[in-house]
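J.: As a plain string of letters, each chain reads:
Protein chains: 4
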Amino acid sequence: MTLPTEFHDIAKRVNNWGRWGEADEIGTLNLITEEVVREAARTVTSGRRLPLALPLRQDGVQTGLIPGRVNPLHTMVAVNAELFGPGTVATSDDAVTMGLQAATHWDGLAHVSYGGRLYNGRPASSVTAHDRAVFHGVEKAGPVLSRGVLLDVARARGVDRLDAGQAVTPQDLDAAEELAGVRVRAGDIVLVRTGQVQRYLTGDKEAYAYPSPGLSIRTPEWFHAHDVAAVANDTLTFEVFPPEIENLWLPVHALHLVEMGMPQGQNWNLEELSQACAEERRYAFLLAAPPEPFVGGVGAPVAPVAVL
Amino acid sequence: MTLPTEFHDIAKRVNNWGRWGEADEIGTLNLITEEVVREAARTVTSGRRLPLALPLRQDGVQTGLIPGRVNPLHTMVAVNAELFGPGTVATSDDAVTMGLQAATHWDGLAHVSYGGRLYNGRPASSVTAHDRAVFHGVEKAGPVLSRGVLLDVARARGVDRLDAGQAVTPQDLDAAEELAGVRVRAGDIVLVRTGQVQRYLTGDKEAYAYPSPGLSIRTPEWFHAHDVAAVANDTLTFEVFPPEIENLWLPVHALHLVEMGMPQGQNWNLEELSQACAEERRYAFLLAAPPEPFVGGVGAPVAPVAVL
Amino acid sequence: MTLPTEFHDIAKRVNNWGRWGEADEIGTLNLITEEVVREAARTVTSGRRLPLALPLRQDGVQTGLIPGRVNPLHTMVAVNAELFGPGTVATSDDAVTMGLQAATHWDGLAHVSYGGRLYNGRPASSVTAHDRAVFHGVEKAGPVLSRGVLLDVARARGVDRLDAGQAVTPQDLDAAEELAGVRVRAGDIVLVRTGQVQRYLTGDKEAYAYPSPGLSIRTPEWFHAHDVAAVANDTLTFEVFPPEIENLWLPVHALHLVEMGMPQGQNWNLEELSQACAEERRYAFLLAAPPEPFVGGVGAPVAPVAVL
Amino acid sequence: MTLPTEFHDIAKRVNNWGRWGEADEIGTLNLITEEVVREAARTVTSGRRLPLALPLRQDGVQTGLIPGRVNPLHTMVAVNAELFGPGTVATSDDAVTMGLQAATHWDGLAHVSYGGRLYNGRPASSVTAHDRAVFHGVEKAGPVLSRGVLLDVARARGVDRLDAGQAVTPQDLDAAEELAGVRVRAGDIVLVRTGQVQRYLTGDKEAYAYPSPGLSIRTPEWFHAHDVAAVANDTLTFEVFPPEIENLWLPVHALHLVEMGMPQGQNWNLEELSQACAEERRYAFLLAAPPEPFVGGVGAPVAPVAVL
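Residue numbers (the working numbering), protein chains in the order written: chain A, 1 to 308; chain B, 1 to 308; chain C, 1 to 308; chain D, 1 to 308.
Rather than coming from a laboratory, the hints here were simulated on the basis of the structure.
With beta-carbon atoms standing in for the labels, derived distance ranges:
hint: 1; chain 1: C; residue 1: T63; chain 2: B; residue 2: T45; range: 51 to 61 Å
hint: 2; chain 1: D; residue 1: T2; chain 2: B; residue 2: A278; range: 47 to 57 Å
hint: 3; chain 1: B; residue 1: A186; chain 2: C; residue 2: D131; range: 37 to 47 Å
hint: 4; chain 1: D; residue 1: G18; chain 2: B; residue 2: L83; range: 25 to 35 Å
hint: 5; chain 1: B; residue 1: P242; chain 2: A; residue 2: E206; range: 51 to 61 Å
hint: 6; chain 1: B; residue 1: P242; chain 2: C; residue 2: P4; range: 49 to 59 Å
hint: 7; chain 1: B; residue 1: D227; chain 2: A; residue 2: E34; range: 23 to 33 Å
hint: 8; chain 1: C; residue 1: G21; chain 2: D; residue 2: Q275; range: 17 to 27 Å
hint: 9; chain 1: A; residue 1: K12; chain 2: C; residue 2: E272; range: 49 to 59 Å
hint: 10; chain 1: C; residue 1: E22; chain 2: B; residue 2: G64; range: 29 to 39 Å
hint: 11; chain 1: A; residue 1: E22; chain 2: C; residue 2: L65; range: 49 to 59 Å
Chain B regions said to be covered by chain A (calculated; three or more residues, Cβ under 8 Å):
hint: 12; region: 25-35
hint: 13; region: 42-56
hint: 14; region: 90-99
hint: 15; region: 121-129
hint: 16; region: 133-142
hint: 17; region: 246-252
hint: 18; region: 294-301
The beta carbon of each residue, even a glycine, is placed where N, CA and C say it ideally should be.
Produce the entire structure from the sequences given, and follow the hints as far as they go.
T.: Dropping the structure here:
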């Protein structure tokens, strides 16, 4: 099958291939300049820190729908082991097996391909089981930290959370920006809140996973126009699911990761942040969200922190 | 066997049990107040970001000496899989198995016990294979972020790196503080550089692991006196190894984790930071180092970022 | 809470502690003598081989009810990798993470304890996260191979499968022995068919897991009287679940593993074997069922083969 | 690069593509007929059982040379957990992460490809990270059990073990057959003893791994002429390593797996078997060696048992 013309038209408009050179492997993260970071630090006024990661546990968000994306199996390899003899200081040690995109994570740029291509025209075949992502590995993203802006779409709409399968549109983003009272600008990391994570937090994993509200195929142009560095939200699928156009699966993934070279974050818990931003009547903050630097990773866990 | 009197004397002097209440599970991280965080944000002047984590790869720092602390086994569960049919957008996915303390990590407070006790008097038996750390799990540490101060002991001594088995003393910390031109204060996260990680970076894992320079049993009192929130360094063992007092194994671990309730970081790469601090002639910065929030974890990977 | 008198009465009657010496770690497997093995080989007449293991796949029998007993996560670490240069012979390699009792398996003798004791009076505390099972590790079971006897309880009852929650009684075993036309004798491995595995094979994992038919608390005495070497069946829980006596959980596990020192097998697929035995009108055969020899394992995967 | 003419000449002579039909996925295992199995059972005279698997432990045979082929990380997920309340029957549970070819194993037919082809002409591209081996998955091998014949090459040569890097030749196989006093025939599983595993058993893993004695490129024709069903030996590399012909890597793997469709076993411990065969002056026996049935596996652990 082929992707529809509509998709290709958008793809052309948001394409960033070559924008930061042929050898570039980090895409829109280039937009986080030192000036942007300095400004981000200046947003800190209260010193309040908010964690945005879901706790890592075996009873995590994965339901088995995505094969191989397993919830953490967290086991002990030692419990109070007196390795140096009875009565000595004892140590406990643990280990984990998990899908790198099982919980709160960044999609790396090599997570998705189409037409045999990754971001910046690299061949999809450069991703292999043996070498993983030779280009655009998530370790190359470096220490992701910038100004974060919460676009609280649910609040702007006046609802607790968007309905299942509802698309977040550019108009939603405009309205949320209006609510936030801040202009999204180059290098920002935008957090889009749908409220969907409440489903998981209240114990209904299946409803959290699918169907899901999420970003519309119309939003990549918005992010492109604003020169956003990265986008994360509070859903499993990131984009609206099932998709808006029949049989056009994962178009937002393809536009963001392949065309724009823009990392995406999923399963971020934005509930507490939403509350804090509303209380403090401010929606911009310092956001530290460095991915675990797995060499050749196509995704990586992250424990993001917003500092207000 | 019993621990020597000398150890118990120090233990009494640095003990923080009850200091933040009987129910406390985060120890010295309580010292990171909102004021501290605000001040930390103000240290940002250049906006330069420095990653402090070692890349996560199968050929990591572990040599097999510590059973169960395995280097990451990072595998692909899908490579350009066209899950929705031929010609559709394709996805790659990966998974990992690793020791939570295999690479750049925080020791959680439940990592070590002695005399049947964890920090704040909790029973060591509360750590189990089934429930892991019921008290002091690493997920409770929250979004660790504060002012970081580099105490560049190697530079202060005028050497590339300390010798194998050499102890970092309180005098070393004083000298490094002097070099840094900054006073360590309550809530700071102190990074102690020995230069030892160069051994790993230049390909000699065995030499990196053991014998190792590291913190002396005399330093916990220094950190206690300065009300430091956490300490990390660039070694596998954290404390000097083999130990200074015969048959007294892991005394610094016991003093920091059990007595003080102070998290420790290991395998941090401080080389680039050392260079940057020397260039900018400043040793205090914003440090974001949120542990991956493994529920009940006795340790956790972290991808720390220093912002100058 | 304490276990009921009824349980303790049975426990006394089936106890094998000391029967094969104080140092014994294999229990009833001692009953598989060389004479028994010779006789087992003589049962082979058609040369027909029947596999009794469920295929190992991520979509396995585990539903998440038993924490940590994860279905296999089977991943590729290399796919047609030309490690020695382009055009050379290429290799593919794979790896797995799984619970050792996730699929078709043997329970080792250290899988269960009560009153602080394992089989033969060993302290339960000898099982640790660091050393695993110091006594009765599954690797000590050695090459389990003997005469197998199928007790086809479902067929003897004239049903496709037993009802959910129905107990297999000593009378059922007698009737199935009668149907089989063979006397169970010392050293035999008895396979008890309930038909429950059909639930999994037809796609209903939840129904397979629970509630489940299985062995009654009355059957350990039957196995003890017949000096059976090991027992396996085609359920997840092995014994009837929920249990026959309120709040008396896992009594059959305790009697078999702790009191008798008799290994148990679960999740064995006996459907094809049932068909073959009925066709050939014989229910005794050579059974090879060597557990994977995990050192200190409390359980182990097995790929059993019946040879008719 | 291209493979040498010499290789292709042998390849033509041993090729089995189409021999058992175009759809065949088990190759030479087709040679294990019911008659062969009946005869195998008749070889049992003493009833003595010998395990041929190395114990599965973290300190296993892998040294890190083969990336991703990790030794077992065997961890506890529960230790004497009283899941149903204090004083109830307690359970311990364990889990593992390991390379499927890390220890005693069978190579599946999809383990190796060259020229873009697997056994029977299937495309190498049918092996993927997502689906693993669609053709020739190790689960299709079924319950491998046949007559085993030990060809004790070391004993036939009068040495404890072959030298590092020494090739086992067809003449060696003839001499060992002579010593054995048995004719290798269609459907047999041949175990070739070099004695190399002694290196691992006496603690020198590095010497065990490489350089290694092993099968010469001349031996596939011998196995082909004798219609052997499968071959296993007591080395890590199976074939002599480094290879006999410069830059011709893994030719025996390619001939056995791709051309003949014959499974190979590695890291089998034949020491005790060698002793027993010499004592009993007989080298044929019943061999049960069913691979763990990983769906789509390119290899699988096995716990083989020889019954004399």
